[in-house]
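Participant: Residues per chain are reported as follows:
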Amino acid sequence: MSSHEHAASLVHRDDVGARMGMWLFLFTELLLFGGMFLLYSVYRFTNQAEFHLAAKELNTVIGTFNTIILLTSSLTMALSIAAIQKNNVNLSIFFQLVTVLLGLAFMVNKYFEWTAKFHHGIYPGSEELLVKSPGEILFFGLYYVMTGLHGLHVLIGMVIILFMTSFTIKGVITRDSYVKLESAGLYWHLVDIIWIFLFPLFYLIT
Amino acid sequence: MEKNDNHSQHSHGYGIYILVWLALMALTAITVTVAGINFGNLTVTTALLIASVKTYLVLTIFMHLRSEDRTFRIFVAVSIFFLLVSFVLLFSDYSFLR
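For the record, the sequence lines run as chains H and A.
For the first sequence, this note's numbering assigns the number 136 to the initial residue and increments by one for each residue that follows.
For the second sequence, this note's numbering assigns the number 56 to the initial residue and increments by one for each residue that follows.
It is possible that some hints are incorrect.
Covered stretches of chain H (in silico footprint by chain A; criterion: 3 or more residues with CB under 8 Å from a CB of chain A, positions within the stretch not fixed) [as the list claims (entries may be wrong)]:
| # | segment |
| --- | --- |
| 1 | 192-203 |
| 2 | 237-251 |
| 3 | 301-307 |
Computed Cβ-Cβ distance ranges for the label pairs, DEER-style [stated by the list, open to error]:
| # | chain 1 | residue 1 | chain 2 | residue 2 | range |
| --- | --- | --- | --- | --- | --- |
| 4 | H | Ser-176 | A | Phe-94 | 24 to 32 Å |
| 5 | H | Pro-269 | A | Ser-141 | 19 to 27 Å |
| 6 | H | Tyr-246 | A | Asp-124 | 24 to 32 Å |
Simulated from the structure, these hints should not be mistaken for lab results.
The beta-carbon is built from N, C-alpha and C at its ideal position, and this holds for glycine as well.
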């Protein structure tokens, strides 16, 4: 028993290494989305008028709401880490759950936005879309792929944060060991950054 | 800062995060307002500039890069640099196509 306790007190941890690993993963995400932004920039450059026309179909109000929601969720994520650093476990759990709820609100908005588009007959391969100009078809293709992949990231982030909440409740994440929560936060903030660029590039073309 | 401690760094208070959030909200308001005014080609540039400022705030404060080891900042800078290089190279090609 004593040897077991001895071993437990000697657990080797490398929180800096763990965070670096998370950052390295985030760089691969940058490659994934960066490639799409490259594609977007070229197609927008070669189809400027069509992109402007197509972007009029997008709902700027929903886009702005989702921006506010996601930025606020980044705040609550950062606050949950600040709370655990101060050993305020319940407050940290509260902020984590608020973050998940804001993520859910984002997805609900996205659901209404997409269903409205589908209702108007605008979805990949629809008859209504295929009669439009190639530039507009490209715009909506990029719109669905990029905001869709981003939405998938939001969903994954929500699941990860819920796991972190369960870890916090079980006492795995504590004031002295919260690198898991930090890494989940890094992922959530990256998803936020991607939206920071998606929002003006898709919703705010005048 | 202290490299031998796993998490001695960044124990900010709540205040700085709320300040950054307010700044992000203000910048969002500016982006949406500016998008209504037609600056021609400058519109995209303004939007991207504001998005970059927002990204900088999220990276440094929310993602703790400000208080992280210098290696992290170098890694992030290098990865952003190479992303920008891809854009420059791509447009050095495409700008002359038309």
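Participant: Hint by hint, note whether the structure agrees.
Facilitator: Taking the hints in turn, this is what the structure says about them:
no.	hint	in the structure
1	192-203	holds (count 4)
2	237-251	violated (count 0)
3	301-307	violated (count 0)
4	H:Ser-176 to A:Phe-94: 24 to 32 Å	violated, 18 Å
5	H:Pro-269 to A:Ser-141: 19 to 27 Å	holds, 24 Å
6	H:Tyr-246 to A:Asp-124: 24 to 32 Å	violated, 41 Å
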